[in-house]
Each structure stands twice: as C-alpha cells, then as structure tokens.
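K.L.:
So you can see what is in the structure, the chains are spelled out below.
Protein chains: 2
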Amino acid sequence: MARDPIVLADQARAGNQAAGARLIRMLEEGEEGALQGLRALLPASGKAHLLGITGPPGAGKSTLVDRIVSEFRRRERRVGVIAVDPSSPFSGGAILGDRVRMQTHATDPGVFIRSMATRGQLGGLARTSFEAASVLDAMGYDVVVIETVGVGQDEVDVVELAQTTAVVSIPGMGDGIQSIKAGILEIGDIFVVNKADLPGADRVVRQLTAMLHLRDSAAGGWEPRIVKTEAERARGIAELVDGFEAHHQHLAATGDLQRKAVQRRERVFYDVLRERAAARVLAATPGGGKEILASLRSGRLDPYEAVDSLLGTQKELE
Amino acid sequence: MARDPIVLADQARAGNQAAGARLIRMLEEGEEGALQGLRALLPASGKAHLLGITGPPGAGKSTLVDRIVSEFRRRERRVGVIAVDPSSPFSGGAILGDRVRMQTHATDPGVFIRSMATRGQLGGLARTSFEAASVLDAMGYDVVVIETVGVGQDEVDVVELAQTTAVVSIPGMGDGIQSIKAGILEIGDIFVVNKADLPGADRVVRQLTAMLHLRDSAAGGWEPRIVKTEAERARGIAELVDGFEAHHQHLAATGDLQRKAVQRRERVFYDVLRERAAARVLAATPGGGKEILASLRSGRLDPYEAVDSLLGTQKELE
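Which chain is which? The protein sequence lines are A and B, in order. Sequential numbering of the first sequence, starting at 2, is according to the working numbering. Sequential numbering of the second sequence, starting at 2, is according to the working numbering.
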C-alpha cells in the first residue's frame with residue numbers, strides 16, 4: 002500500500018478503508034507528513050453527524066454501540082466508529098470482548114471501526130480521536146460514533162468534540178447519582194439508562210430527571226432526553242437513534258452545528274499552537290535548552306524557573 | 002485574611018489551613034501571583050508520600066479514603082487529601098455524599114481535605130491537582146492522598162504524578178476485567194478489591210493475579226500487591242496501608258523516588274512551557290493574532306494552516 006499520506010488521503014476519500022486505517026495510524030503515531038494527509042481530507046469533511054458516547058466501564062457501551070450501528074444501518078446510514086481505549090500493553094489497546102462483539106459488522110462495507118490504541122505523543126487522546134473522526138467524516142460516513150471509556154476530563158474533552166453526546170449509565174452501580182456524577186451530566190444531550198431490565202432502572206430515570214431539572218436550559222434550548230435501553234436484547238434502540246437524529250436536526254435548525262464546528266476548530270488550533278510554539282522555543286535555544294533541562298532535572302531550577310529562564314533567553318535573542 | 006500569595010505561603014507553611022486553602026483556590030483559578038506563592042513553598046516540599054487512588058465510580062473510593070486516613074492517623078501521620086472531581090454546576094464540584102463522609106476528620110487538625118472543583122483554565126486537572134498536592138506537601142502533611150474519579154487518561158495523568166498508585170475495583174461491575182481495563186492496570190502498584198464481601202471477589206483477585214502475571218516486571222522491581230478490603234466495615238485497611246508504606250520504602254531504596262520526582266518536574270515544565278510559549282506567540286503577533294483567529298473561525302483557514310500562518314508571521318518579525 003502507498004505510504005504517501007496525500008495518496009492515502011485520496012484513496013480514503015474514494016472509500017478505501019485500508020488507506021483510511023493506515024492514515025489514522027500514521028496520525029496516531031505522529032508520523033511525518035500524516036497531517037498533510039489529514040489536511041487534504043479536511044475540505045471533504047464536515048458532513049458527518051459526530052456522536053459521542055461515554056459512560057463508566059461495565060455500562061455495556063460496546064454492545065450498545067453495536068446495536069446503534071445496526072439501527073443506523075437499517076436507516077441506510079453509513080457508520081464509522083472510533084473506539085477510544087487508553088493503551089494497554091496487554092491488549093494492544095483493543096479489548097477482546099469489545100472488539101469481538103463489533104465483528105457483527107466486520108463484513109459490512111458501510112461500517113468502519115477503528116480503535117485508538119495509543120495515547121498519542123502530541124496533543125493527547127482528544128485530538129487524535131478527533132483527527133480520526135475527521136478522516137472518517139471525509140470518507141463519507143454519515144454518522145461517526147466516538148465511544149469513550151470512563152468519566153474523566155479526557156472523556157469530557159473527547160465528547161465536547163462531538164455534536165451529540167450520549168451519557169450511558171446503568172442501575173445499581175453504587176447509586177445512580179454516583180455513576181453519572183463526574184461532570185458529564187451537564188454535557189449530555191441524551192441520557193441512556195442501559196440494562197433497564199435490572200432493578201432500580203426507574204429510580205435512575207427519576208434521579209436523572211430531577212438532576213436535569215436543575216440544569217439551566219436556555220430558551221429554545223434542547224431538552225435532554227432520557228432513554229431506557231436493553232442493548233443485549235436490542236430494546237429501546239430505535240427510540241435512542243430517534244433521539245440522536247432529533248438532536249442533530251435541532252443543532253442544524255438553531256445554528257449550533259456551525260457554532261460547534263467553530264469551537265472544534267479553535268480547540269485544535271490552540272492545542273497545535275501550544276505544541277509547536279513550545280517546540281520552537283526549545284529549537285531556538287542554544288543547545289536545544291539542554292543546560293536548562295539539566296538544571297531542571299537536578300532540581301537546581303524548579304519547573305517555573307526553568308520556563309522563565311528559557312523564555313528569557315529567547316527574549317535576548319530576538 | 003491576607004491576599005498576598007507570599008504571605009499566604011508563609012502562613013500555610015506554618016500550618017495555617019485557611020491560608021493553604023486560599024492559596025490552592027488561587028492556583029486553581031489561575032489568579033495572578035498565585036504561582037509566586039507556590040514557588041515560595043516548593044523548597045519546603047518533597048517530603049510527603051504522594052499516594053494516588055483511582056478507580057471507577059461506585060467502587061466506594063470515598064469511604065475507602067476515609068478509612069485510609071483514619072489508619073494513617075492511628076500511625077500518627079498527618080494526612081492531606083486532594084479529591085479530584087470534575088466540576089459540576091449542580092454541586093459546585095463537591096459531591097454531597099462523598100464530602101459528608103469525610104466530615105469524620107473535620108475537627109482533626111492533622112487532616113486537611115481539599116476538593117478540586119474546577120477544571121482549571123490552564124494546564125488542566127492534572128497540573129492543578131499536583132500544585133495543590135505540592136502545597137499540602139510543603140505544609141508538612143506526611144501523606145498526601147490524591148483521589149480521582151474515573152479511569153480515563155486524565156486520571157492516568159493524575160496518578161502518574163503520585164509516587165504510589167492504588168487502583169480500586171469491586172466485584173460485579175460488568176466483569177472484573179471490564180472494571181479495571183482502561184490502561185490503568187499497568188500503572189497500579191497496589192490493587193484494591195473493595196466490597197470484598199460481595200460475591201465474585203475472589204474471581205476478581207484471580208483475574209488480577211493472572212493479568213499482573215503478564216506484566217513485565219524488571220528484576221528487583223516492585224511486585225504489585227492485591228488487597229481485599231471492606232471499607233464500610235473498616236476491614237483490610239491496615240494491610241492496605243502496610244502495602245502503601247512498603248511501596249514507599251521500596252521506592253526510596255531503589256532510587257525510584259528520586260526518578261519520579263524528576264519526571265514530575267519535567268511534566269510540569271513542558272506543560273507550563275507549552276502554555277506560555279503559545280501565549281507569547283499570540284502576544285507578539287500584530288493585533289494579538291485577531292485576523293488569523295477570525296479566518297480560523299470563518300473556516301477560511303483550517304487549524305493547522307492558522308498555526309502555520311501565526312508561526313510564519315512570527316518568523317518574519319524575528
């Protein structure tokens with residue numbers, strides 16, 4: 002296969018999954034030229050519905066995503082999936098059970114699934130995931146699902162790059178509030194209570210309803226939906242996908258789709274700027290800043306002094 | 002109370018909790034001069050045992066931390082706690098149940114608990130948490146516990162700043178592997194199976210043992226421990242704290258304590274450098290880069306082009 006990112010980009014845009022996969026891996030590994038490939042694709046991107054799905058481990062997200070993909074396929078949408086798993090040396094990032102389940106769609110050319118195995122050297126998981134989502138978008142997938150494990154800030158970053166965010170919880174994980182507390186209540190557009198056949202499902206729905214009632218909602222804003230599902234038995238999935246589509250239409254109607262696109266561009270911009278500005282400061286310092294780094298390591302300079310010293314040196318040079 | 006960060010730093014070092022709390026809040030909010038206060042404290046820091054505790058929501062971490070604090074107090078250690086909760090507009094960042102439980106120690110001057118309510122404008126949660134931990138360290142707490150909710154990359158970042166990392170799981174969350182899979186298996190020094198009275202606890206222990214067996218362990222390296230606890234009934238806590246202390250002694254004996262301190266300094270350094278280098282590029286651009294930002298927002302420039310354009314402009318000026 003070609004190794005030229007521009008060629009890969011052309012092939013990916015023409016629907017070649019192997020080329021898309023190769024380009025994503027190059028982006029993930031920060032390979033030289035990979036960004037050129039991405040940039041060649043950007044003009045073709047911006048049409049997909051970017052759907053973030055997050056929630057704690059054990060909430061059944063993999064099976065749920067599997068069912069969601071099936072439902073979108075029934076609606077004749079082409080679907081890309083970015084599965085974000087922090088890297089594990091044991092698994093190479095892909096967790097057995099999860100990926101095995103997704104094999105349902107392995108032979109369907111209208112479905113393309115990529116796992117983000119590595120954390121990414123530059124810019125972190127959020128940026129790498131978003132770059133991968135942009136590739137899938139440009140490849141013409143109508144829906145790109147970004148699935149994250151966890152409820153930490155990094156997941157919040159990932160889902161903030163999405164247009165529609167679904168937060169998955171289940172009954173009986175500690176209590177319902179615990180399982181959804183960590184700052185993601187305010188970013189959810191759709192709340193999924195999965196494993197709704199378990200005792201306590203209605204209690205979780207009541208708690209969510211009460212908590213969402215406290216949430217500020219601007220006039221004309223989206224009213225978050227709560228949907229009960231049983232992913233294992235494929236129950237509630239059509240209603241859930243209806244919710245995703247309703248939210249997407251809402252965003253389009255209110256101009257929020259455009260506003261979110263601007264926010265995404267700004268986030269990527271600042272992220273890239275920070276990396277490259279820092280690299281340039283180091284490159285412009287005599288010896289690449291080696292002396293200052295040595296003083297930092299030995300403890301003679303604290304981190305703040307080391308930065309002052311580096312930026313001060315630069316000032317003199319300008 | 003004084004608002005001068007240097008005065009606050011002096012008071013904090015003398016054991017004034019209110020001054021320490023004020024300084025941490027200023028650091029969190031990025032208030033001017035706050036870093037001066039932190040830097041005044043850094044020479045007094047570096048003595049505390051930094052203990053990171055992470056795991057998914059519902060694992061009972063709050064109660065567990067409560068018991069761990071009690072056990073350290075029985076051993077006459079002064080204990081600081083940094084509870085990291087991504088912000089929630091409903092709670093102001095502090096989750097009712099969690100903090101209420103910690104009131105056990107509210108009247109004990111040997112215990113100091115701070116919640117990180119905000120995500121921090123600059124540098125994110127990991128850096129803010131670490132700055133707070135450094136303040137507590139300099140205030141003379143023998144042990145600083147950094148408790149995080151979740152299993153995402155941000156939590157990995159937080160615990161990587163710690164010296165000893167405990168990963169908490171419980172039986173019956175999906176399956177045992179699910180609940181601990183997300184890239185944190187390889188960073189744990191101690192694995193806690195909490196709620197060990199629930200069915201399936203021994204299965205989780207067996208799974209952990211099998212997975213840890215696969216983990217590369219350097220010769221003379223630390224052999225991760227697995228400890229069963231029932232935090233609610235205060236069972237297994239002494240054994241757990243024994244594990245923490247054994248790990249700390251191991252780090253000291255092997256020189257890893259020193260190596261970890263160097264890593265921490267480097268991480269903070271690069272983090273601060275990225276922020277400040279980017280700010281300087283923008284400040285040095287005519288109009289603060291407003292035109293380029295406008296082109297970015299309108300979509301006329303993609304994020305990568307915008308950065309190129311900004312750094313190119315700078316080059317001409319130098």
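Be aware that one or more of the hints could be misleading.
Remember, identical chains collapse to one label, so a pair may be satisfied in a single copy or spanning two.
Said to hold, decoys possible - 25 Å max Cα-Cα, derived DMTMM-like pairs, lysine to aspartate or glutamate: (1) K261 / E276; (2) K229 / D109; (3) K48 / D303; (4) K229 / D11; (5) K261 / E292; (6) K48 / E233; (7) K229 / D309; (8) K261 / D243; (9) K229 / E187; (10) K229 / D303; (11) K229 / E72; (12) K291 / E246; (13) K291 / D257; (14) K291 / E233; (15) K261 / D5; (16) K291 / E276; (17) K48 / E276; (18) K48 / E33; (19) K291 / D109; (20) K291 / E231; (21) K261 / D203; (22) K48 / E306; (23) K261 / D109; (24) K291 / E267; (25) K261 / D303; (26) K261 / E231; (27) K48 / D243; (28) K291 / D5.
Read the hints as simulated data drawn from the structure, not as lab findings. Predicted model, so just to flag it, every value in this text is computed and none were measured.
K.L.:
Given a CA cutoff of 25 Å, do K291 and E276 count as a within-copy pair, a between-copy pair, both, or neither?
P.N.:
both (18 Å within a copy, 20 Å between copies)
K.L.:
At most 25 Å between C-alpha atoms: does K291 with D109 qualify within a copy, between copies, both, or neither?
P.N.:
Cα proximity of K291 and D109: none, with 52 Å in one copy and 46 Å across.
K.L.:
How would you classify K291 and D5 at a CA-CA limit of 25 Å: within, between, both, or neither?
P.N.:
neither (34 Å within a copy, 35 Å between copies)
K.L.:
Since the copies are identical, ignore which copy is meant and state whether K261 and D203 lie within 25 Å (CA to CA) inside a copy, between copies, both or neither.
P.N.:
neither (33 Å within a copy, 47 Å between copies)
K.L.:
Have a look at K261 and D5 and pick one of within, between, both or neither, based on CA distance no larger than 25 Å.
P.N.:
neither (32 Å within a copy, 40 Å between copies)
K.L.:
As a check of your reading, is K291 near E233 (CA-CA no more than 25 Å) within one copy, between copies, both or neither?
P.N.:
neither (56 Å within a copy, 51 Å between copies)
K.L.:
When no copy is specified for K291 and E231, does a C-alpha distance of 25 Å or less occur within a copy, between copies, both, or neither?
P.N.:
neither (57 Å within a copy, 50 Å between copies)
K.L.:
What label fits K291 with E246 when the C-alpha limit is 25 Å: within, between, both, or neither?
P.N.:
neither (54 Å within a copy, 36 Å between copies)
K.L.:
Checking K48 and D303: alpha-carbon separation at most 25 Å within a copy, between copies, both or neither?
P.N.:
between (47 Å within a copy, 16 Å between copies)
K.L.:
Regarding K261 and D243, is the shortest C-alpha distance of 25 Å or less found within a copy, between copies, in both, or in neither?
P.N.:
within (21 Å within a copy, 50 Å between copies)
K.L.:
Using 25 Å as the alpha-carbon threshold, which applies to K291 and D257: within, between, both, or neither?
P.N.:
between (47 Å within a copy, 23 Å between copies)
K.L.:
How do K229 and D109 come out at 25 Å by Cα distance, when the copy is not named: within, between, both, or neither?
P.N.:
neither (28 Å within a copy, 45 Å between copies)
Hint violations for this structure: numbers 2, 4, 6, 7, 10, 12, 14, 15, 17, 18, 19, 20, 21, 23, 26 and 28, all remaining hints satisfied.
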